[in-house]
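Number of protein chains: 2
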Amino acid sequence: MNNFKFWSPTEFVFGKNSVKNTAPLIKKYGGTKVLVHYGGQSAIKSGLLAEVERYLQNEFIEYVKLGGVQPNPVDTLVYEGIEICRKECVNFILAIGGGSVIDSAKAIAAGVPYTGDFWNFFERTVSINRALPVATILTIPAAGSEGSDSMVITKTRGALKRGAGSPLIRPVFAILDPVLTFTLPANQTAYGLADMMSHVMERYFTQTTGVEITDRLCEATLLTIINEGPKVIREPENYDARANIMWAGTVAHTGFCGVGREEDWATHGLEHELSALYGVAHGAGLAVLFPAWMQYVYRFGIDRFVLFATRVWNIEHSGDKKEVALKGIRALKDFFSSIGLPVNFKQLGAKASDIDRLIETLKINSGGKLGAFYPLNMEDARRIYEMAAME
Amino acid sequence: MNNFKFWSPTEFVFGKNSVKNTAPLIKKYGGTKVLVHYGGQSAIKSGLLAEVERYLQNEFIEYVKLGGVQPNPVDTLVYEGIEICRKECVNFILAIGGGSVIDSAKAIAAGVPYTGDFWNFFERTVSINRALPVATILTIPAAGSEGSDSMVITKTRGALKRGAGSPLIRPVFAILDPVLTFTLPANQTAYGLADMMSHVMERYFTQTTGVEITDRLCEATLLTIINEGPKVIREPENYDARANIMWAGTVAHTGFCGVGREEDWATHGLEHELSALYGVAHGAGLAVLFPAWMQYVYRFGIDRFVLFATRVWNIEHSGDKKEVALKGIRALKDFFSSIGLPVNFKQLGAKASDIDRLIETLKINSGGKLGAFYPLNMEDARRIYEMAAME
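These protein sequence lines map, in sequence, to chains A and B. Residue numbers for the first sequence follow the numbering used here, so the first one is 1 and each next one is one higher. Residue numbers for the second sequence follow the numbering used here, so the first one is 1 and each next one is one higher.
The following block holds chain A by itself, in its conformation from the complex:
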């Protein structure tokens, strides 16, 4: 087991009607002038935005609004948010939405007190030293950003999709009401399932030995998603299933499942190029790429793939490690298919003929190397894209 630090100070308030805690929580964490940041029409149509505004007004908390966050949130809106916050003396950011909105809010929170260009955080030329407190009312369980110290933003010019992180951007509180997820369409629900499973698998596949505790916790989270996932697709208003999935999404990405081990994150790197180029949902891209990544790297740590097959997918150990490992990968792919996710380029709407372009931007974004389980160079990455392009 490796040395580690784990610090997750977010206050999670979970359950039915938990949104009514919004104003007291903002006050508790020092917010007096709030930027309410949200996405498109769903927060308006559902009445959630109006409900939150009412709570703020009743408690005399001043606020300004900034909507319009798109999936794969972009730098231009972050610049706009930073400008509004400075002009309006905002001291607290409240994100209402899913991972895209929260990531956009985190970037604004870090950008406001920084005198340079916030993109420097994503170029990794400076680190985040200060940030406004950010909090969230989660509406899409997927990205885990409500409990994480990271964010991903796309630079419109050049379609660069990059991540950055700091303990300072962990939300001070996160409100999670599973009822808010009842209206999520089946496809978005499924993208979320692939995303949260990927957050666990990026941590599960490691060469670090002697980390039984996080092995078991990763498997526990995956088993829950595999069991409850099909239920939320079939019965979108099943409260307990929605609740299990919502909390699993948070557990998957607080960092808790990765302590003591080297994490991988190659597949996320590969996927960012797909969603930057095609605008596809992150979870859809991950569903296509994760099995392909596995098929490429399993040889370099087969015992872990045997563990994955037997403990997560309940596959009997035949004695032939390769057979068992491949069955586990197959089970994952079948599971993704069964909940309506794409598992190859064609189903995703991606083209094999674009692989050169994908590799080109991947090289810039990754510096030519990615992953840790088996460190990939650009030739490896090309092979994985090619495998994902096969039907």
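One or more hints might be untrue.
Just so you know, same-sequence chains aren't split out, so a pair can sit in one copy or run between any two.
Said to hold, decoys possible - Listed next, the in silico DSS-like pairs over lysine-lysine satisfying Cα-Cα at most 27 Å (straight line): (1) K5 <-> K33; (2) K45 <-> K65; (3) K5 <-> K16; (4) K27 <-> K321.
Hints listed in this document are in silico derivations from the structure and should not be mistaken for laboratory results.
With chain A's structure known, arrange chain B on it following the hints.
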């Protein structure tokens, strides 16, 4: 799944040589005058106390020392600690030790800014509104107090052993170096294993339905302890095994394994009377009482005991629920025996003839009712003590 709040802001710094972070962490959390609180001779003999003092001196952090915390920490030392802190204008408490030292430190931390008698917190007549920051260097993985919001103190007069809690007493940081646990004797190691398993089981046995995620996380933690526990007994200097157990002890009791479900805690209530009367180790008392509690209550929720047997102990489902449930309980008892723990009154040094006395104090401490899985009255409690008294 029930609504819940989960807030665990403790900064965990885990691994080899992590003690060297002590002084910077104290400064980070505002400590300028520290009470260094510890137990008996082990912190002195091991050189840990001297090492910490050196770090504090090098960083010009003033401190006073208070040692002498005993297992089952007592109110009299808490009063002494409170007095010292007030006199010396201490603004930070550092506990070096296991759960007893940390609990004593927490009680001091809550007692210093309170003008009344700190025991009121344990009488539940007042709640904790303020506390000095408390932090810990953990040397015994067992109680989970390094990451919990609770504490247990024994009132010398009347041998009343009681718990109290508040988010304000969660340690601001916890340093966990598994190497510090290499010298723990086998019996103390085993008591710790029983204690951390009990912290999970008090949460696992619930009537709340639809909490798959915490079911799986509880099982994951138990599976780790069952796998790694015998290793730390056999090979006390196996770093990875010690590391897994140390972190499992924290995971077991941060609250993470209990969110969304009603917890039980009857067995802890029953055990407090044993350790108050006989001064036995808490973990030893739990090892005796948990199987007895299970044998008494399994009828009132047999499906959960079947889950425990099949998922935690890998017992095949024969079709006969009662048989499977009892096999699971037997497996737990056998496991406790295999790591050298007592599993009945005789092995513990307790006497069936004392049951009247145990019930008498239990009635005072519990108000005559305890537990939630199957709420026990004093007649039920008597039966469980009697079952534990059988060989």
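Verification of the supplied hints:
1. K5 <-> K33: between (33 Å within a copy, 25 Å between copies)
2. K45 <-> K65: For K45 and K65, the Cα distance is within 27 Å only inside one copy (16 Å; across copies 61 Å).
3. K5 <-> K16: So K5 and K16 pass the 27 Å test across copies only (12 Å; inside, 33 Å).
4. K27 <-> K321: neither (56 Å within a copy, 51 Å between copies)
Of the hints listed earlier, the one the structure fails to meet is number 4.
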